[in-house]
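Colleague: Sequence:
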Amino acid sequence: MHTAVRKRLIKPGLTEFLCEKCTIDCIPLGLQIYTPGRVSKYIRVLKNPGHLGITPTTTTTDIRLSNQMLSSAGDINVQIWFQDMDTPTLRKLTCPRVPVCELITCRVCWQFWINFSCYNTTHWIILSLLGIIIAGIILTGIYMVPTTMSISWYVSLPLRLCIRTLIRYRRAKASKIPRTMQDIDEESGTPLIDLPPNPYAPSSRGVRRSKNRLLHLLSIATCIMVPLVALSNACSDYSMMSAASTECQYTHDQERACQIRLNTRLVVSPLGQESCLHIKDSRLETLGTISIKTQSIVLRCKEELLYYVPRPSVK
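FYI, the numbering for the sequence shown is 0 to 314, going by numbering that gives the first Met the number 0.
Treat the hints with caution; some may be incorrect.
Unchecked claim - Distance ranges between label pairs, derived from CB positions:
1. Lys20 <-> Asn114: 40 to 46 angstroms
2. Gln67 <-> Tyr142: 46 to 52 angstroms
3. Asn114 <-> Pro27: 18 to 24 angstroms
4. Cys117 <-> Ile137: 27 to 33 angstroms
5. Asn114 <-> Ile136: 23 to 29 angstroms
As the list claims (entries may be wrong) - Think about it this way: if two alpha-carbon atoms lie no more than 20 angstroms apart in a straight line, the pair counts; the simulated PhoX-like pairs of lysine-lysine are:
6. Lys91 <-> Lys20
7. Lys40 <-> Lys91
8. Lys40 <-> Lys20
It should be emphasised that the hints constitute simulated quantities derived from the structure, not laboratory data. Only a predicted model underlies this, so the values are computations on that prediction, with no experimental measurement involved. A virtual CB, placed ideally from N, CA and C, is assigned to each residue, including glycine.
Build the full structure now, drawing on both the sequences and the hints.
Modeller: Quick look at the structure:
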């Protein structure tokens, strides 16, 4: 009598692949990820205050972290996505923090000069000398103000004489123009006639005063409109987002087609002003900008609450 025994083999599901032989090591300025036997589809590294992703082409991948991620303390979460896998392989590790001064390679750029912790004795001596030179220039300018004003008075003397001559010429020419009927009678040689005072007669002083008032109003309007025009094209709110790897589809050419789901709230801008939403990828490269321009504001009741707006009163 023979008994046939069937042995049922249970294969691990798609979500049970753990990649036990995968290794993640800390290297200078980044990570080195090794996935033996197969090439991962997508790798995502998360560390406060940012994250980045890469599509590897070999089993060994070197990832360069940003300066903010290298200089911050905390754990690093790594997500490794493989082909035909529903969930990623998760790993967590801690790498030594890199000082900010070691990440700044230039010595002339502003990033180095705003970090006072990177200064040594030479830098403090240079700053002290610059402060002394600037203070000397300011004090010299203060003491030289009277002399400078005297020199400028003598230098501008010919120009002031020319302007004064032109003003006298204009006044003399304007005084010869008849402004009333009596002036016309004097020029024609007819005897003068006592005319009643006319309150509507033109006056050069009144015309000049109205012109000055008009120029003053135009200057005020220009000062008000210039900042409004300059700020009308500016964004009133800034928001950034990146597409998660679960929302992307891969083609045979390793190209990603991502569908971004956005659930954010922008600050309500004044009517006609634009709010901007900058979209960036995992490498912090700008993909595009969405501009939302406010045309109207609609008030809605929330949780059955009624809003009472009193009638404005004019006093």
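Colleague: What are the numbers of the hints that this structure violates, sorted from low to high?
Modeller: Structure breaks no hint.
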